[in-house]
Amino acid sequence: MVFLLVLSIFNYFLFRIIRENILSTYEQSVSVEVESIALSMGNNPNEVPLTKNGQPIQIWFNSISRSQKTYQRIDFPKAYEELFLLIQDEGYSTNSPTPIILNIDEFTFAISTRETIQGTSGSVSLVLAKNNALVYAQIRTIGGWMVFANLGAAVISLILALFVSRFTLKPIQALINKAKSIKASEEMERLPVSTANDELTELSTTINQMIERIESAIKTQNQFFSSAAHELRTPLANMLAELELRISQKQRSTDRSLLESQREEVVRLKYVVQDFLLMSQLKSDTLSLHIAPLRIDDLLYDVLEKMNHSIKAAAFHLNLFIEPHMEHLQVSADKIKMESIIVNLLQNSLKYGNTSEPIKIELNTTKSVLSVSFENKIDIQKQIQSGNGLGLWICGQLSEKQGFSFIYKTENGYFKTVLSIPINAHN
Amino acid sequence: MKILLVEDEVKLASFIQKGLEEVGHQVAHEVNGSQALETAAVEQFDLILLDIMLPGQSGFDVLKNLREFSIETPIIFMSALSESDHIIKGLDLGAVDYVKKPFDFEELKARIRNVQRKFGSKRASIFKLANLEVDLIKHQVIRGDKLIELSKREFSILELLLQNANRVLSKMEITEKIWNINFDMGSNVIEVHMHQLRKKIDHDFEPKLIETHVGYGYKIHGELIKQ
Chain L
78 MVFLLVLSIF NYFLFRIIRE NILSTYEQSV SVEVESIALS MGNNPNEVPL TKNGQPIQIW
138 FNSISRSQKT YQRIDFPKAY EELFLLIQDE GYSTNSPTPI ILNIDEFTFA ISTRETIQGT
198 SGSVSLVLAK NNALVYAQIR TIGGWMVFAN LGAAVISLIL ALFVSRFTLK PIQALINKAK
258 SIKASEEMER LPVSTANDEL TELSTTINQM IERIESAIKT QNQFFSSAAH ELRTPLANML
318 AELELRISQK QRSTDRSLLE SQREEVVRLK YVVQDFLLMS QLKSDTLSLH IAPLRIDDLL
378 YDVLEKMNHS IKAAAFHLNL FIEPHMEHLQ VSADKIKMES IIVNLLQNSL KYGNTSEPIK
438 IELNTTKSVL SVSFENKIDI QKQIQSGNGL GLWICGQLSE KQGFSFIYKT ENGYFKTVLS
498 IPINAHN
Chain X
1239 MKILLVEDEV KLASFIQKGL EEVGHQVAHE VNGSQALETA AVEQFDLILL DIMLPGQSGF
1299 DVLKNLREFS IETPIIFMSA LSESDHIIKG LDLGAVDYVK KPFDFEELKA RIRNVQRKFG
1359 SKRASIFKLA NLEVDLIKHQ VIRGDKLIEL SKREFSILEL LLQNANRVLS KMEITEKIWN
1419 INFDMGSNVI EVHMHQLRKK IDHDFEPKLI ETHVGYGYKI HGELIKQ
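If you read the protein sequences in the order shown, they are chains L and X. Quick note: the first sequence uses the numbering used here, first residue 78, plus one each step. Quick note: the second sequence uses the numbering used here, first residue 1239, plus one each step.
Any given hint might turn out to be false.
[Stated by the list, open to error] Simulated crosslink set (DSS-like; lysine-lysine; CA at most 30 Å straight-line):
#, chain 1, residue 1, chain 2, residue 2
1, X, 1347, L, 389
2, L, 493, L, 389
3, X, 1390, L, 412
[Stated by the list, open to error] Non-contacting residues of chain X with respect to chain L, defined by C-beta distances greater than 12 Å in every case (computed):
#, residue
4, 1369
5, 1375
6, 1425
Worth flagging that the hints you see were computed from the coordinates, not collected in a lab. We treat Cβ as the ideally placed atom computed from N, Cα and C, and that holds for glycine.
Model the full assembly from the supplied sequences, consistent with the hints where possible.
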């Protein structure tokens, strides 16, 4: 656009110069033409010169007192018959040795004055009225061609610019495309480095060095999360084992309830550690999946059994509904990741649910999808205070990684999560 | 059961040892792999609870060495390393189960019971009733000459019905023994799994073995042979 604008301004001024030159040349030619006609006329005002087509003329005899028209060609413009007298009235000197040129409307008037026969007082003026239509038409044609050339030049320049830029930027575009395809992980791909000693080689090498630093940072982060999770699990295991041993030995209900409460907190902490580890793997795209066939109902029961203490402690009831005649309970999935999803969904229900109604868990199928849904009446105040948290984000990410869909919604005071597993693709 | 516990976290080991001893198991404790190998070589154990991250040789190495010495004692790995890779490696090496730390003690006890059921040689491991044959160790069910694939819970329900053959088991009894979860009255878990079990065991075969006692429960009937 800038190029087009600059080109237009340049061409406009160029057109102005050409126009002025053409008009100046035209005026000179009219001047020459009127002189030539005047020469052929001689000095006698009654002598009518020979004129061609397009040369309408008037001849005026100028005495001391007045000017008198002695001849007018029939095609002389009627509106300007008295022009000669008018310019005399305006104070113009018509006795100039060079022709007077006047541009009025669509005509150029040229006036050439000569002395009459020697010894007599008076002069003869020849007025030539040239129609400018032709010359202006030529100017318009030139203007049109310039506009056309302008646009043509712009289009050609644009095409050439695109072609040249595409050709010259091709290696950079290849680098950009490759860089876009690289995912953050512990083993990231590298950009190709050419053997030429140019800026592109330097750019690729610099980006590759940056990738190495990112890779190293990811490894460090993952090692940290993995070590931190391991280091946290060991004392948690000690605490959990000790609490369970003490619970089994305590007979007094007050002591038992205190220990059971402590155990619930330890169990919660255990799942938080697991979630943080998963989050770090998801964020750094280093999560590995081990897909194998598994029965979704068995996995669900295993998790419910493991979390039975927490369910009882939170005083929840479970309403488990499996679609009768359900055939597709076997899916292909990563057992550990699926377990994490179900644990998070159940924990979400325990955390935000209202104990006045049971947690409704359903296994359903359509023709192509097996769905696992959790629904419970929610304690809105609890949810507003805590938000939906990390758990649902992890569920969404783990589902997506395995090619499943995961949605959640709050409606009429009930919170519902649905995990949908395509049957055809996984059976 | 006589159990060898290999765990370098002395505090955790002492709690596990006490907990298991309280429910009647006899537990020996070792803190590293080399001592565990030595102990397992000179004494006979029914089960080894083996940590993975041990000083000296890892739990994986201990398992490999035990098998090289032809010590085929069932092993359950216990570890804070809960990545799928570690679990798969452990099971591939021949462990019978894997418990992630920190674990509920009930979960550990349930897994030990499972091993006891599978490897306790004194108990019958094959049940036969009419032309139905159930192998409790191999988890294999054959009716006529057809191999039938059952899920974990379906197999447990069938095992429970066989152990109580010719006796009606209430839905509540089945729920308590198989699930250990407090289901709401509106749940249809038992009905669905009994339907699936009947479909697999009885649908294409004669005689029909599973009976429904409307409003009460279920029964498997016939002459039971234990081997």
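Now for the hints, and whether the structure bears them out:
The suggested pairing of residue 1347 of chain X with residue 389 of chain L holds, with an alpha-carbon distance near 19 Å, which does not exceed 30 Å. Under the criterion of a C-alpha separation no larger than 30 Å, the hint pairing residue 493 of chain L with residue 389 of chain L is consistent with the structure, at around 21 Å. For a cut-off of 30 Å, the pair hint linking residue 1390 of chain X to residue 412 of chain L stands: about 15 Å separates their Cα positions. Distance check on residue 1369 of chain X: its Cβ is at least 25 Å (rounded) from any Cβ of chain L, clearing the 12 Å threshold; non-interface status holds.
Its beta-carbon lying about 19 Å from the closest one in chain L, residue 1375 of chain X satisfies the requirement of being farther than 12 Å from that chain. Residue 1425 of chain X, annotated as away from the interface, has a beta carbon of chain L within 12 Å; the closest lies near 4 Å.
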